[in-house]
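Participant: Protein chains in written order, with the numbering used here: chain V, 1 to 129; chain H, 1 to 290.
It is worth saying that the hints were derived from the structure and are not from the lab. Glycine is no exception: its CB is placed at the ideal position from the N, C-alpha and C atoms. Take the hints with a grain of salt, since some may be wrong.
[What the hints assert, rightly or not] In silico SDA-like pairs for lysine to any residue, Cα to Cα no more than 25 Å straight-line: (1) V/LYS111 <-> H/LYS204; (2) V/LYS43 <-> H/SER261; (3) V/LYS43 <-> H/LYS38; (4) H/LYS204 <-> H/PRO90; (5) V/LYS129 <-> V/ALA5; (6) H/LYS204 <-> H/SER174.
[Stated by the list, open to error] Computed footprint of chain H on chain V, listed as stretches where at least three residues anywhere in the stretch have a Cβ under 8 Å from a Cβ of chain H: (7) 10-17; (8) 40-49; (9) 55-66; (10) 73-85.
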Amino acid sequence: MRGAAIIEIVLVTSLVGLMGLLILNWPNSFSLNQNSQYQTLAKQIASQKIEDLRLQTYANLANGETQIQDQRLQNLPSSAATLTISDCPPVLCTNQENIKQISIVITWLEKGSTQSVAFNTLIAEGGLK
Amino acid sequence: MNQTGQALLIVLLATLVALTIGISLAQRSISDLSNSAKLDDAGRALAAAEAGLERGLITPSNFTIDPSVFGNQSSANVKSSGLVPSSTYPGAALSYPPIDRSTFAQFWFADPASPGAPTQFYNPNNYSFNLYFADPTLYPCGAGSCPSIAITLIIQESGSYKFQTSLHDSRSISSCNGNQIPAYTYSIDAENPAEPLSGLSAKKYLCKYTISYPPAAIPILLRARLLISNSAQPIAIEPTGGASLPPQVTILSSTGTAGQSERRLRLFSQIFVEPIFFDYAIFSNGDILK
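Whenever a hint applies, use it, and build me the whole structure from the sequences.
Facilitator: Set out below in structure tokens:
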């Protein structure tokens, strides 16, 4: 039985090592899942804000930077959501058309580093609704 | 009894199970992260494509929004038909995107861009036009799947606006043989993104009817509404008698790109779409009295 005992010891050691590896990787896996959830949520908030802006009348789209208020931002740790409205860049709107550039940046803190989602689009007077 | 091999098997099986669970967990995490990244790219691509349409609606032309404009690695490529039908293709037909029973298709015969009351534009020598409708694959048409169409042609005759209404069924063998091809058609086809915008394509329809109106009349506007059909159906108008339809539609295609994602939007934008309930206010020569 001596040879069998050695094999068992080797296998048990390997199994313990493998389990250790899995346990060590678990937080990483958890972290990846959470990052994915945060990104999806941030994208949903940004997309909805753009849709809301399209439904507004063009005259209400005043240039400037404002903070987006959305209850779901509470689910993002240390989050900030900024909406910037500006005139269409001259390189694109050469005839000063009535078009606004919309920029939405949502940031949050994750494991000590700042993550972000940034959406940019245009909204024209009498455009998409 | 020799049990040495049994212990080895049990340990190997336990290892296999643990390994499978571990790999599936890791795989799920990587997959979630990958999907999340793709969603982010898709969102930015869609925002860029919408930006292209917004810009294209103001000035219908071909242009590109490069990544430097937005600074978030998203871009858009926009193609426009310009205002069509145009003089480039005289006599071209105009096809509406497929409509269902909840909405209607509208075609201008008068010039919608003329100031004040619409002025005559469509002026054929035979006082008629061709109406095409329905998916040609419905042929031969069964009783339950045959769409019918109701059209209302608004004409001006002897200083008065008149409504000429007619119904057209798709069970007519002579008019609905599924092989009706207008010579060339301005159209938008969501299922065929490669379809040219400014060029013309020959499209088949189930039915073709020739609609006539009084020689002294000026055709202003046509509305078509589907009846009976359970699915959306295409509708087109083809000029006849050497005439052309007035410019009235802009077809835009905007392709937004971000990372590995691409989103293509197509837009059929018609100038001056008048809801039905305004007809009696707009097409009335006298005052409206309450």
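Participant: Each of the hints needs a verdict: does it hold here or not?
Facilitator: Now for the hints, and whether the structure bears them out:
1. V/LYS111 <-> H/LYS204: 59 Å, violated
2. V/LYS43 <-> H/SER261: 15 Å, holds
3. V/LYS43 <-> H/LYS38: 11 Å, holds
4. H/LYS204 <-> H/PRO90: 20 Å, holds
5. V/LYS129 <-> V/ALA5: Violated. V/LYS129 to V/ALA5 sits at ~74 Å, over the 25 Å cutoff.
6. H/LYS204 <-> H/SER174: Holds - the C-alpha atoms of H/SER174 and H/LYS204 are around 15 Å apart, at most 25 Å.
7. 10-17: Result for this restraint: holds, n = 4.
8. 40-49: holds (count 4)
9. 55-66: This one is violated; 0 residues, fewer than the three required, reach chain H with a Cβ under 8 Å.
10. 73-85: violated (count 0)
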